[in-house]
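> So the chains spell out like this:
There are 4 protein chains.
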Amino acid sequence: MFQKISTLVFIGLFSIAAAVQAQHEHPHDHQHPIREVTFPDIPGYQTLSTDLHIHTVFSDGSVWPDIRVQEAMKDNLDAIAMTDHLEYQPHSDDIPHPDRNRSYEIASEQADEDELIVINGSEITRSMPPGHSNAVFVEDANKLLVDDAKAAFREAKKQGAFTFWNHPYWLRQASDGMPPLSELHKTLIEGDMLHGIEVVNMDRYSREALQIALDYDLTIMGTSDVHGLIDWDYQTQHDDHRPVTLVFAKERTKEGLREALFAGRTVVWKDDLLIGREEYLVPLVESSLTVENSSYIDETSVLQLTIRNSTGQKYQLENLSDYSFHRNAGHVTVEPFDSLSLQIRTGKRLDQIQLPFKVYNAVTAPETNPEIMLEASIDE
Amino acid sequence: MFQKISTLVFIGLFSIAAAVQAQHEHPHDHQHPIREVTFPDIPGYQTLSTDLHIHTVFSDGSVWPDIRVQEAMKDNLDAIAMTDHLEYQPHSDDIPHPDRNRSYEIASEQADEDELIVINGSEITRSMPPGHSNAVFVEDANKLLVDDAKAAFREAKKQGAFTFWNHPYWLRQASDGMPPLSELHKTLIEGDMLHGIEVVNMDRYSREALQIALDYDLTIMGTSDVHGLIDWDYQTQHDDHRPVTLVFAKERTKEGLREALFAGRTVVWKDDLLIGREEYLVPLVESSLTVENSSYIDETSVLQLTIRNSTGQKYQLENLSDYSFHRNAGHVTVEPFDSLSLQIRTGKRLDQIQLPFKVYNAVTAPETNPEIMLEASIDE
Amino acid sequence: MFQKISTLVFIGLFSIAAAVQAQHEHPHDHQHPIREVTFPDIPGYQTLSTDLHIHTVFSDGSVWPDIRVQEAMKDNLDAIAMTDHLEYQPHSDDIPHPDRNRSYEIASEQADEDELIVINGSEITRSMPPGHSNAVFVEDANKLLVDDAKAAFREAKKQGAFTFWNHPYWLRQASDGMPPLSELHKTLIEGDMLHGIEVVNMDRYSREALQIALDYDLTIMGTSDVHGLIDWDYQTQHDDHRPVTLVFAKERTKEGLREALFAGRTVVWKDDLLIGREEYLVPLVESSLTVENSSYIDETSVLQLTIRNSTGQKYQLENLSDYSFHRNAGHVTVEPFDSLSLQIRTGKRLDQIQLPFKVYNAVTAPETNPEIMLEASIDE
Amino acid sequence: MFQKISTLVFIGLFSIAAAVQAQHEHPHDHQHPIREVTFPDIPGYQTLSTDLHIHTVFSDGSVWPDIRVQEAMKDNLDAIAMTDHLEYQPHSDDIPHPDRNRSYEIASEQADEDELIVINGSEITRSMPPGHSNAVFVEDANKLLVDDAKAAFREAKKQGAFTFWNHPYWLRQASDGMPPLSELHKTLIEGDMLHGIEVVNMDRYSREALQIALDYDLTIMGTSDVHGLIDWDYQTQHDDHRPVTLVFAKERTKEGLREALFAGRTVVWKDDLLIGREEYLVPLVESSLTVENSSYIDETSVLQLTIRNSTGQKYQLENLSDYSFHRNAGHVTVEPFDSLSLQIRTGKRLDQIQLPFKVYNAVTAPETNPEIMLEASIDE
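Chains as they are written, first to last, in the numbering used here: chain U, 4 to 383; chain A, 4 to 383; chain S, 4 to 383; chain Z, 4 to 383.
There may be inaccurate statements among the hints.
Which copy? The list can't say, so a pair holds if one copy fits it or any two copies do.
[To be verified] In silico SDA-like links for lysine to any residue, alpha-carbon gap of 25 Å or less:
| id | residue 1 | residue 2 |
| --- | --- | --- |
| 1 | Lys-77 | Glu-374 |
| 2 | Lys-351 | Ser-185 |
| 3 | Lys-153 | Leu-187 |
| 4 | Lys-189 | Thr-41 |
| 5 | Lys-153 | Pro-359 |
| 6 | Lys-361 | Asp-325 |
Read the hints as simulated data drawn from the structure, not as lab findings.
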C-alpha cells in the first residue's frame, strides 16, 4: 500500500491508506479487576451474583466469618451462604458443640444487607449416597443435625430450604469423576428434597452433572466451596475469579433469591466459561454485548462497528453470518471490559444488520454452544 | 468438600481434598515478548519467519533501512525483503532518481546474514488490474521499472523472482473488499509470473483471498507492509506482533527460502490466527504443543497431564475425544509460552492416550479448522 | 493492638484500631504514561516542554522528519528543534547536497503549530574547541555552512539564533568527561554568540557543565540528541522518558520560547532528576505538589494530610520541619501522578501548617538540593 | 553527537557514539516478589527474618493459625511468634477459656521447623502504663494470665522470655503519638523484664521509640501485629511487604534467635526503610550490594561499573566521593533485585576504587543515615 502523505503527488489512483488500527484495547490495562463480578440485568430480572457454598472455622475452614464477608465485598457479590459442615467438626477441641447457626450469625452482623445478603445454610455431610449436599435458607441449622440422612433432608424441606447436591464428581466419592446418581438421589428429587446440583465446585466442571441437571430439572449451581482464602485459591491478583452462580431474581432480597433458585433461573460462571439454560444464558450474553458506532468506511461496502463488553467474561464468538470479516477469520474474542472493532464485508450497503454468533465458551448442554443475535442500525 | 487437615479425625470416609490448582501460569508474566516470533521446526523442514513486504524512505516509508534491520532483529525474524515501490516516489525532491536496489543494499550492509537474511525486492505498483504486486529475489530492481505492467512481471520472472499479489482486498482498489480476480491475473498465473497472494496484509485477513490461493495453487502470504514503525503499528509493548509468513525450508539460506516459497510451503501468523495448507499447519501445531507428566490421580481413573506451548501463539482447542474433562468444558486455551494442566475422565486406566483436538483459531480453508492429534504414554 | 470488632466488649480502655492504610496508590497502575511530559505552569509563566536537539535522515539520523513529529506528539512536547548536522552528511550518496532547512520544512508541514511548535536549527559540528553547538531559531541554515567556525556563530547571531554548547563532556572530545572550557568558548560567550550549555545530553548529566552554566550565566539545557527511535533509546514502554528542557515562557509561541531561552528560564528533566536555577525550580516543584485533606485524627494531635503530585516526576523529599512523621522516617517519596498520605505528630492541634522539605532528586547547583515549602490550612 | 554508521566517512575526528544505555533493568519485571523477604547473611551471623507479633482467632484475629503459617511461608520468613492477647478475648462466646498456648500449638503442628520456626508468645494487654507488651519464648502462656501487670512480666522473665514494648506510640494510649515512657517502664527495664521496643508496628514508625531504644539499650523491633490477612494489609500483589525484624543469629534455631534478640542484634525493615544499630545495619547494606564489571570506557578515564542488589530493599544512595558521575547526579537508586550501571569520572585511571555512600532510606538514629563503603578492583 501507500503511506499517508501530506501532499499526494502520485497519479491519482490512490488515496490515503488507513493505518493499522487497534482492534482491542488492552485487557490487562483495565481498571476493573475481573474478580469483581459484574453482569448486567436481563429482561425481566435482576442478575444477582452469589456463592452459596462457604466454610469457616465453625467447621473445617480457616477463617472467622468476617473474612468471608470482606472477600464477598471485594468480589462484588450480592449474596453468600454460610454452609459449614453439620457433622464434620475438626475444630471441636477448641470450638466445642458450636451452635450450627453461628457462622451465619457472625457474618450477618458484619454485613450490611444493602450491600451483601447473608444466607443461613448447612452442608449435610454424608458418605455416598447421597454424598454431600447444601441446604440454604434454613431457619435453624441445629435441627438438621440428625442421624438419618433422609431425616436431615426432610427437616431442611420443612424449614423451606433450597437443597443441592455438592460436587457429585468428587474423586473421594466417585473415583472415575462421574456423578454416581442413585435411587436415593432420585427419591430425594421426587420428594422435592433436592432442588439443585453443582456443575461447578472449586475449579472443577462436570458435563455429566450438567446432563443430570437437564434430565431431572435441577437448578444449575456453581460454588467456590472455599476453606482457605479466596485470594489464594483463585489467584485474584492475576485476574482470576471465584466461581459464582448468577441468579435471575425478581427482586434483590433473600426471598427474591430463594424464589429464583427454586425456579431454576441460574447461570454459572467459572473461569471464562458460562453454563446455563438457553433461556437465561442467551439473554445474559446479549445483554453483555452492545454494538456501537456502525458505519460504512468511506464509499465502500465494508461496515465498521464496535462490540462493547460490559462484563469480566471473555466472550469467544464464531461468526454465523454469511458475511466475511475484513480483518479477522470467523472466530473473534471480545475481551473483558473491553471492546472489539469489526470490519464486515456486506457486499452492498445496508441500513441495519443482524449478526448471529455462536458463543463457544458457553454451554447450554454438554458440548452444546448457544447462538446469540446482535443487531444494529447503521449510521448514515 | 473437606479441607486438608493434619490429623484426620473424621469417620475415615474422606481423605485430603486437592486444593484448587492453577491451570495456567500467567501469560503476562512470561519473559519472552510475543513480538519475538518463535515457532518450532516441523518434520523435514526448518521453520523460517519472514516479512517480505517492507518500505523505507526510498519510496514512501518513514525510516532509513537500518531501522528495518533492527526491527527485524527485535522480532526474531529469519528474513525480510525490502520492497520499495518502483513507480511511487513521493520523496523524489530529496532523493532524486534513486537506484531501486538501494534500500536492499543499505539493509544488507547492516545485517549479519547469520542472523538476518535480507532479500532484494520491488513493489510493482499499478492500478487494478493487476493492482500492486511484490517481486522478491530480484537481481536488479531497476530493470523492473518499465511502462508496461506485464513487461515488469516478465522481467521479474527472467530474474528468477518470486512474485505475489499484494492486498487484493484493498478498499482503494476493491471497494467491497473482495479480490477482483481478473483475466490479467489468470494470465500471469498461467504464465508462471504470479506465484503467491497475500491473505494477510497489515491488520487485514481475507478468506476470499485464501480461497483464490487454494483454487489457483498460489503460495499463501502474510506481510506487514510497514511504512512507519513496527512498534507503533503493532503495539509491541502490549504483546502484539507483526504478521509474518512462516516458510518451511530445507535450509536456512536465500535459496532455501526461495525454493520453499515456490513450493508453497508457508503458514501465515496474524494476531492469534494461523492460516495455511493442512499439510504444513497440522505439523506446525503438533510440533508447538507437547504433552508432559501424564499420570493418574491417586487410585482414580482421572488422568492428569500438561500441554506445553513453546510458541507465542495462543492455541484455542476443542476436545474431539469421547472423554470429558474434569475441570473444563471442551474448549480450552493454551496460552503463549505457557502450559495448560488438564484432567481427563478416561473411565478406566489407560497406558497411553490419543487426544484429538480441533484448532479453532487456525484455518486451512475459509471457515475450516484443522484437527490435530496429541499423544502421550502414561506414567505408572 | 486490637482488631476492629463490631461489639466492643473489652474493658473500655480501647477503641477501634485503624487498619493499615495504603500510603500510595500504585504508580504502575496509572493511566498516564510517564513519557507524556506533564508539568504545571508556574506563577507568571507557562511551562513549555521542549527537545531542541534532534536528527533525521538529512544528516546522520535514521528517520524521516515525520517520525520526529509523531514522537513529539506521543511525548506531549510543546516544541522541537530540527538540528541536523551542517557539515556531517553520511547519507550524501542518496541525499546529495540537501538544503539544510529541509528537515525543518518537512516537519513543519506535518505538525499543527497549535499542538507542536517546530523550530529551525542546525548543529555546527566541529572538533574541540568549540566542539558541537546547536543554533536554534535560525532563518536559513544554509548560510551557517561556512569554513570558519566563528563565522558560523556570527551568522547564527546575525539571524537572531539562540546557540548552545552540546554535550561538552562527550568522551570523544573530552576523554575525562570534563568540559574543556576554552578561550574560544569564552570569546563566544562574551560576544553574545553562545547562550546555553547542555548539562544533559542523551543519558548523561554533567555537574561540571552545570557549574559552567552558573559561572558564565548560560541557559541550562537538556536534550535527547536522538538519532534512532525515541521509543528504543528511552524504553518508553517501561515508563522512561526522553530528557527535556522545560521553558518558562510568557506565551506559547516561537517568540515566547526564544525570549525565555535567552532569559535563561529553564529547568531540565532527566530520568527523575530536575536541574535548574532555584528561582524556577522551586516554584516548579511547589506547583507540582498540592496538599489536600488536612485534618486531625479523632481527638489526637496527629495530623493527616495528602500530598498530590500532578506530574510524571517522582519527588523524593526530606522533612526539614521539627515534627516527626507517624509512619515514615524523614525521607518520603511522592510517586508520579500519585499521592502520598502523611501523618504528622504536631504536638498540639494547629490551624495551619508549613512543611519545609528538601528535594533531594533536584539540584540547583552541583550537590545542592533546593528547599521547598508546602502549606495548608487544616480542616476543623 | 554522531550516530553509529557502518562506514565512517567523516573527517576522522569522531568515532562511534555510544547509544543510550539502560541503567536499570525493570523492577516490576523481576521474578521474585518483594514480599519474599530475602537478605544476605552478614559477617559472623546468619540473617533470619521474623515477625514476632501475630494474632489469630484465639484472641481478636480473624484466622485459624494455619493461615499464619502459610502467610509466613509465602513471605519467606524464618520465624514467627504467635502472640494472642492474654486478657482480651472477644471470641470467648465461641472459644471459651482457651488454653493460651493453643495458637502456638496448632501453628507448630502445621509448620516444618526446617522451613519455619514457630515461637510461643503472649501479648500482655494493659492500659498505659505499661500498655501492651509481647513476651516471646514463653513456656506456658497460661501462667502469665495474672491480675497484676508486674507479676505477668515477672512470670515471663522466670520462663526466660524476651519481652518488648508494643506500639508505644499507639494513638489510643498516646494521643500525641509520643511514647509515654513511665517510671514503670524504667523499673521493668532495670529489672531485666523489658528487653525491646517496637519502633515499627503495622504501618507506623516512631523516631521517638528509636531514641528510647538507643537511650535504654533496648532491642529494636518491628512487627506486623496482623489481625486480618497479610495480603490485604500489605497489598502484597502490589509488591509491598509486611514489616519484619531481621535478626542476626549465630545459628538458625530457636535458641539462636533468642540469644540474638537478647543481644540486640536486629534491623527492622518497613516499606523501603531500614532501621537499626550502625554495627548491624552497615554490614547488612554492604552485604546486599555487590560491585561488578568495573572497567574503563575505551581510552577514557571514565569508569563503568555495576552495583547489584540481591535484596527486595530499594537502596537510595548519595555519592560521598569526590568523583562526579557521568550520567547521574549524586543521588542514585538501586532497585530491588536489580542492578544499577554507574559511570564515574575518576580524572585518572585507577587500579581500584572506594565508593563511600550515604544510605538515605536507612536510619541508625533519628534523622541519622549510615555511611557505607563499596570497593572494587578494576579490570584491565
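> With reference to the structure, classify each hint as holding or not holding.
Comparing the hints with the structure gives:
Within a single copy, Lys-77 and Glu-374 get their C-alpha atoms no closer than 32 Å, and across copies no closer than 42 Å, so neither meets the 25 Å cut-off. In the homo-oligomer, the alpha carbons of Lys-351 and Ser-185 lie at most 25 Å apart only across protomers (21 Å), although the nearest pairing inside one protomer, at 59 Å, exceeds that limit. Taking CA atoms no more than 25 Å apart as the test, Lys-153 paired with Leu-187 passes inside one copy only; the shortest distance there is 9 Å, against 65 Å between copies. When the C-alpha separation of Lys-189 and Thr-41 is checked against a cutoff of 25 Å, the pair qualifies neither within a copy, at 36 Å, nor between copies, at 54 Å.
Taking the shortest alpha-carbon separations for Lys-153 and Pro-359, neither the intra-copy value of 48 Å nor the inter-copy value of 44 Å comes in at or below 25 Å. Taking identical chains as interchangeable, the C-alpha atoms of Lys-361 and Asp-325 lie at most 25 Å apart whether they share a chain (13 Å) or sit on different chains (22 Å).
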